[in-house]
Amino acid sequence: MSSSCCTTPAFEPPKAPPAPGSIRTIALIGPPNSGKSTLFNRLTGLRQKVANYPGVTVEQRMGVMAGIGRADLTLIDLPGVYSLSPYSEDARVSVEVLEGKMPGTPKPDAVLLVLDSLHLTRQLMLAAPVLALGLPTLILLNMTDLMESRGGEIDALQLARELGTPVAQISAVQGKGLEAVTLFLNQRTNAAKENQSLTLPVLGNAASTHKWAAQVSKRTGYRAPLSAENTRKLDNILLHRIWGPLLFLVVVIAVFEVVFALGQPLSDGFGNVLSDIGNFIAPFLPAGWIRSILIDGAWTGVSSVLVFLPQILLLFLFIGILEDSGYLARAALIADRVMRTTGLNGKAFIPLLSAYACAVPAIMATRTIENRRDRFATILVTPFMTCSARLPVYMLLIAAFIPAKYYFDGLIGLQTLVMIGLYFAGFIAAMTTAWMLKSSILKSSETPFILELPQYRMPTLRALGMRLVDRARVFLYQAGTIILCVTMALWVLAHIPPIHIGAGSWTAPELADSVIGKLGHFIEPAIAPLGFNWKIGIGLLSSVLAREVMVATMGTLYGADPATQSLHLQTALHHDMTLGGALALMIFFAFAMQCTSTMAIVRRETNSWRWPAAQFAYMLTLAWGAAFLVNHITMMLIH
Amino acid sequence: MQNTKEQSICESDQIGRILKSDYSGRSFWDVFFARPLGVRQLSLLSELQIGESGILVAIDLPMLVQNHLMHMGFVPDARVMAVRRAPAGDPTVYLVDGLEIALRSDTARSIRVRSLHESDNEAPSSTANASSDLVEAAR
Numbered sequence: 001m002s003s004s005c006c007t008t009p010a011f012e013p014p015k016a017p018p019a020p021g022s023i024r025t026i027a028l029i030g031p032p033n034s035g036k037s038t039l040f041n042r043l044t045g046l047r048q049k050v051a052n053y054p055g056v057t058v059e060q061r062m063g064v065m066a067g068i069g070r071a072d073l074t075l076i077d078l079p080g081v082y083s084l085s086p087y088s089e090d091a092r093v094s095v096e097v098l099e100g101k102m103p104g105t106p107k108p109d110a111v112l113l114v115l116d117s118l119h120l121t122r123q124l125m126l127a128a129p130v131l132a133l134g135l136p137t138l139i140l141l142n143m144t145d146l147m148e149s150r151g152g153e154i155d156a157l158q159l160a161r162e163l164g165t166p167v168a169q170i171s172a173v174q175g176k177g178l179e180a181v182t183l184f185l186n187q188r189t190n191a192a193k194e195n196q197s198l199t200l201p202v203l204g205n206a207a208s209t210h211k212w213a214a215q216v217s218k219r220t221g222y223r224a225p226l227s228a229e230n231t232r233k234l235d236n237i238l239l240h241r242i243w244g245p246l247l248f249l250v251v252v253i254a255v256f257e258v259v260f261a262l263g264q265p266l267s268d269g270f271g272n273v274l275s276d277i278g279n280f281i282a283p284f285l286p287a288g289w290i291r292s293i294l295i296d297g298a299w300t301g302v303s304s305v306l307v308f309l310p311q312i313l314l315l316f317l318f319i320g321i322l323e324d325s326g327y328l329a330r331a332a333l334i335a336d337r338v339m340r341t342t343g344l345n346g347k348a349f350i351p352l353l354s355a356y357a358c359a360v361p362a363i364m365a366t367r368t369i370e371n372r373r374d375r376f377a378t379i380l381v382t383p384f385m386t387c388s389a390r391l392p393v394y395m396l397l398i399a400a401f402i403p404a405k406y407y408f409d410g411l412i413g414l415q416t417l418v419m420i421g422l423y424f425a426g427f428i429a430a431m432t433t434a435w436m437l438k439s440s441i442l443k444s445s446e447t448p449f450i451l452e453l454p455q456y457r458m459p460t461l462r463a464l465g466m467r468l469v470d471r472a473r474v475f476l477y478q479a480g481t482i483i484l485c486v487t488m489a490l491w492v493l494a495h496i497p498p499i500h501i502g503a504g505s506w507t508a509p510e511l512a513d514s515v516i517g518k519l520g521h522f523i524e525p526a527i528a529p530l531g532f533n534w535k536i537g538i539g540l541l542s543s544v545l546a547r548e549v550m551v552a553t554m555g556t557l558y559g560a561d562p563a564t565q566s567l568h569l570q571t572a573l574h575h576d577m578t579l580g581g582a583l584a585l586m587i588f589f590a591f592a593m594q595c596t597s598t599m600a601i602v603r604r605e606t607n608s609w610r611w612p613a614a615q616f617a618y619m620l621t622l623a624w625g626a627a628f629l630v631n632h633i634t635m636m637l638i639h
Numbered sequence: 001m002q003n004t005k006e007q008s009i010c011e012s013d014q015i016g017r018i019l020k021s022d023y024s025g026r027s028f029w030d031v032f033f034a035r036p037l038g039v040r041q042l043s044l045l046s047e048l049q050i051g052e053s054g055i056l057v058a059i060d061l062p063m064l065v066q067n068h069l070m071h072m073g074f075v076p077d078a079r080v081m082a083v084r085r086a087p088a089g090d091p092t093v094y095l096v097d098g099l100e101i102a103l104r105s106d107t108a109r110s111i112r113v114r115s116l117h118e119s120d121n122e123a124p125s126s127t128a129n130a131s132s133d134l135v136e137a138a139r
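If you read the protein sequences in the order shown, they are chains A and B.
Residue numbering for the first sequence follows my numbering, beginning at 1 and increasing consecutively.
Residue numbering for the second sequence follows my numbering, beginning at 1 and increasing consecutively.
None of these hints come from the bench; they were simulated from the model.
Misleading hints may appear alongside valid ones.
[What the hints assert, rightly or not] Some residues of chain B that are not near chain A, with every Cβ distance over 10 Å (derived):
| id | residue |
| --- | --- |
| 1 | S46 |
| 2 | S53 |
| 3 | H68 |
| 4 | L116 |
[Said to hold, decoys possible] Below, computed lysine to aspartate or glutamate pairings styled on EDC-like, alpha-carbon distance capped at 20 Å:
| id | chain 1 | residue 1 | chain 2 | residue 2 |
| --- | --- | --- | --- | --- |
| 5 | A | K218 | A | E229 |
| 6 | A | K176 | A | D155 |
| 7 | A | K107 | A | D72 |
| 8 | A | K101 | A | E89 |
| 9 | A | K233 | B | E52 |
| 10 | A | K107 | A | E96 |
| 11 | A | K443 | B | D106 |
| 12 | A | K218 | B | D77 |
| 13 | A | K49 | A | E89 |
| 14 | A | K49 | A | D470 |
| 15 | A | K176 | A | E153 |
| 16 | A | K218 | B | D97 |
Fair warning: this is a prediction, and the values are worked out from it, not measured in the lab.
A virtual CB, placed ideally from N, CA and C, is assigned to each residue, including glycine.
Just chain A, with the same shape it has in the complex:
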């Protein structure tokens, strides 16, 4: 199953025969948010996700070091750890890989220890257990540029002498000082292992390790840089008792306004371009069923989803700014009070917020939650958060059925309000479900909330641009694979069985008599109370693959129906759908779990089919019930 959101290419380790005693596998280790993944991307030329909060990387990732011309070497990026005695699931991954106990991952022969030089004293605590592993180690002091500009100081040579291992000062963001890695690898590959005479503190004892680290940093003339004043000043506003939450609300409303006000014209324009392309290509195709399947089936269906690319990218731009600036951790801080009433930890808010992009990486990000029961509860409620795959469905239905009214002198539109309402409904469902889970089957004693707040950083255009490019690629890939296949299959099913009209000529059946029509009418009784017609039913069935497939299915089905063929999809929907049905459909999408990738990842993370199965049944029941209520209430209000 192709994942709806994160596609990781399968990793192939280099096949060259290993020279005895040489380095082939290198692990990147370091405390959380010290810039390991940024360095990984530099060294491998890959695009691992990076952001400015602790716990972005939650599992090991491998790549060859093509970025520095050493394609024969494998680099492993690991989740950040504070010590080698793991506290949470993601840290356990790092320790297991380092010890060579992780199946499928080779044991590293060398270690690159990445330390954030802004907080070196504390970060040096990790050096003790890592050096005690006895592997060749290069210590990389990252963010040197920031440290120096803020008046910090360190004698790297002295540090190397103290620790008996090479030390280099780098800046992974700017790509400075990376030649040290090349030098280290060349040297270590060729030179014999030297003996280190190094006195390390008693391992496992945090207090003695800290004392050791403090001594080392003192002897090496480390002067911590001044703490960033900007962060303090920004937090004075962003974490202000009144302004903080208010600003958050204003920003959220503004984002949705932008998605509508700016995204809608963009996507309309994009839609026109796409249909022009279809009209342009059509004459070149042989008339008959080939043209019909390609244009009426595939192109109509695929382009009805593709038009939403601008809006999705706008949303991702916003999420990217949130994550890269360092605000995400603050949001978790603000939300802790709300989360506590549900029994969850404020830390769970970070995966939940990133689920606004996609539930799949969000569910993996729950590995940073230390308590197993908290983690399971978070996994189970994450699909309620409105992921970007729901956006096309919402946009289509809202644009088609909600009038474009404006309130407060045009500040807030009714369409935006409905959209925010849907996001809010998902969030409320998540919180309520979490509360029910935490007060029944997943009850546990409260775990301490310990959250590191990173310093604010200006998101770079390059990083944001790369996020958008990656996202667009995933979206286009999905449109070209799953959605294309589904629409073609639907077209075929809508045109069989062919009817014999005599003398060897055949014609397609009425849509209602085709296989897909029969299937739709078969399931119609189950969804009729919700105000859905059979076409919606087929859409719901196909959307189990991925939610945005719904829109493509609608495009294909209404495109295959002669009555609505020439109409724009928004107008075509009015043909056989009521306002009640449309609202019910939106609520259904807000609550139902229609995503095989999410189910697969829940199965993987909980190690059992029971959880995703229960989750699917629960969410489906809730969605059906809510849609039923919405449909009937709307009908009562209208009549």
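Got chain A; can you put chain B on it based on the hints?
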């Protein structure tokens, strides 16, 4: 209950507790209605006012949590400052080792600190010296 006027400087009572009576920066409300401050030799991290610092004494939490906190900088003799409270008033952000870490008050209640004021009044850099002396002694 101590008489507050007499003790304008810090001094020890008979059983060696340090009596603290520095009211600078405290509101009228605190002086009259809060718990008496006279016998505050040891206090809890959760009791630090915003902007106030303390020297960490001990963490009374399960070993795993304690270890984790220590690796984040909450080690004995570390200087911890309460920086700000979250808008809802609860998790409080503490500055330790140049890093901002948020803790809920029930976690902070399990962390004991000693007041910074005594050492500050006598010798500004005594805490730094004290900790490095400890380090020297440990070697």
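Kindly indicate which numbered hints from before are broken by the structure, ordering the numbers from low to high.
3, 5
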